[in-house]
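Given these sequences and hints, build the entire structure.
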Amino acid sequence: MYYKRPSDMFDHCDSLEDLNKHLPLKDKLISAHRSISEKFDFIARIAITIYDTETHILKTYLDSSGEDKSLKHYQALLDDAPSLKEILTIGRPRVVNKLVTFDKGKQEHTKRIGRQGYASSYTTPMFHGGEFIGFIFFNSYENDVFTEKVLSDIDVYAHLVSLMIINELVTLKVLGAALKTTSSFTHLRDPETGSHLDRMSRYSRIIARSLAEQYNLDDEYIEHIFMFSPLHDIGKISTPDSILLKPGPLDDEERNIMNTHSLKGREMIDDIISNFGLDGIGHINVLKNIAEFHHEAVNGTGYPSGRKNEDIPLEARIIAVADVFDALTSRRSYKEAWSNNRAFDMLKEISGEKLDTDCVNALIENRQEVEQIQQQFQEDING
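Here the numbering used here is used: the first residue of the sequence shown is 1, the next is one more, and so on.
One should not assume that every hint holds.
Pair by pair, the computed Cβ-Cβ distance ranges are [as the list claims (entries may be wrong)]: (1) R332 to K21: 46 to 54 Å; (2) P82 to R367: 27 to 35 Å; (3) V100 to D271: 52 to 60 Å; (4) E349 to L245: 28 to 36 Å; (5) G117 to T53: 30 to 38 Å; (6) K308 to R255: 16 to 24 Å; (7) R367 to Y74: 44 to 52 Å; (8) F276 to G117: 39 to 47 Å; (9) H128 to P82: 23 to 31 Å; (10) V95 to V170: 22 to 30 Å; (11) L77 to D270: 31 to 39 Å; (12) R115 to T147: 25 to 33 Å.
I should point out that these hints are in silico values taken from the structure, not numbers from a laboratory. All C-beta atoms in this analysis are idealised placements derived from N, C-alpha and C, irrespective of residue type, glycine included.
Have a look at this one:
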C-alpha cells in the first residue's frame, strides 16, 4: 500500500535552526535573541562579558542589541563592580526589576546602562568546570517583567547561550594547546618568556580598544586580538636552535632562515585548523593574519610579502607595535631593558616607516595602562 505523507508533517520551523549552521558566534546570539523575543518581546538586549582571571577584569564581548552600544569597548575590575561581584558571593543570578534602584551608582557601567534607559535586568554567571568565565545579561526597557514564570524560561536560553560561549572559548583553548604541544614535541624553545606574551597580548588589546571607534572594531574582534596575539611567533618552533638561541647578531643566511617563521606559522595554523576541525572558530582569519604578517613594515620593507600600509591587515599592524615595544623594554641576553621613554621615542622614530602610526599613538596615549601591565606581569630572572 502506498503511504501518503501528511501535508503538514514538515511544516514546523525550528526557531533556533541557525545554531546548527556554520555561523559566527554573534549571529548565533542574535538568532537566540530573536527566538526568545518571540515569547518575551520585552527583551531588548542579550549581552556577554568575559572574565580575565589574570587581571580580574570583566570585558564586554558580545551583544545582540544592534545599534544599542551602551557598554561598547568597556572593561572594569570585578572588584569595582560590587553589585556583580555579589552575584558570585551569593551564588545566584540577580534580578533587578526596577533599575532605578541603581540610579545613584557611581560605576561607569551603571551610568551607561542608566543613560541607555534600561528599566530592568536579569544577570546570570557563566561557569565552565566550576571556573567563572563571565556574565550573561538580559535587559529590558520595561519594569517588573522578570517574574519567576518568565525566568524559568529565560534560564533555558541563558544556559544555551552559555554553552555557545563556552564552546567557542574551549575551542580556542584547544587550538592554542595544539600549537603549544606541537612546540614541545619539536624540543625547540623560544627565549621569550611567558611574561612577554602576557604583556604584549594586553598591549595589543589596549591598541585595538583605542582604535575601535576609528576603525569600527567590535568587542569580539578586540578580544580575539587579545586571545590570538600570543601565537604570533608560533612558526619559530621550526627554526633551528643554532639560530633561535644564538646570543649574537644573525648573519644574512641565518636571518633569511629566521624570516621564514611567519610563513611556517601560517602553514602550521592552517594544518592544525584543518586536522582538528577548528575552521568554525570566529575571526579565524585574524589568527592567520597575525602569524603571517606581523613582520611586515608599512613602508614595504618587511616580510614575507613586502606589503605596505593598509595592505597589511590591521591585526598584524597592532601586534607588530605591541611586540616591538615589549622587546625594547625587556631584558635579553644581548641587551638591557630600555626605559619606557626611550622605547616610546624609538616607536615614534620608526612610526610611518616600519610601524603603523595610528597603532603607535594608541599605545603611547595609554601609558598608564601600559605601566599597570608591566607592574603586574614583571619579567622573571630568565627574561
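Now the hints, each set against the structure:
1. For R332 and K21, the Cβ-Cβ distance of about 48 Å falls inside the hinted range of 46 to 54 Å, so the restraint holds.
2. The supplied range of 27 to 35 Å is met by P82 and R367, whose beta-carbon atoms lie about 28 Å from each other.
3. Between V100 and D271 the beta carbon distance is about 55 Å. The supplied range of 52 to 60 Å therefore holds.
4. As the Cβ distance of E349 to L245 is approximately 29 Å, the hint placing it in 28 to 36 Å holds.
5. Remark: the range hint 30 to 38 Å for G117 to T53 is upheld by a beta-carbon distance near 33 Å.
6. Separated by about 21 Å at the C-beta atoms, K308 and R255 satisfy the suggested range of 16 to 24 Å.
7. The beta-carbon spacing between R367 and Y74, approximately 20 Å, falls outside the hinted interval of 44 to 52 Å.
8. Taken as a hint, the range 39 to 47 Å holds for the pair F276 and G117, whose Cβ atoms sit roughly 44 Å apart.
9. Checking the proposed 23 to 31 Å range against H128 and P82 shows it holds: the Cβ atoms sit about 24 Å from each other.
10. Range check, V95 to V170: Cβ separation about 29 Å, and the 22 to 30 Å hint holds.
11. In this structure, L77 and D270 meet the distance hint of 31 to 39 Å, their C-beta atoms being roughly 38 Å apart.
12. The beta-carbon spacing between R115 and T147, approximately 26 Å, falls within the hinted interval of 25 to 33 Å.
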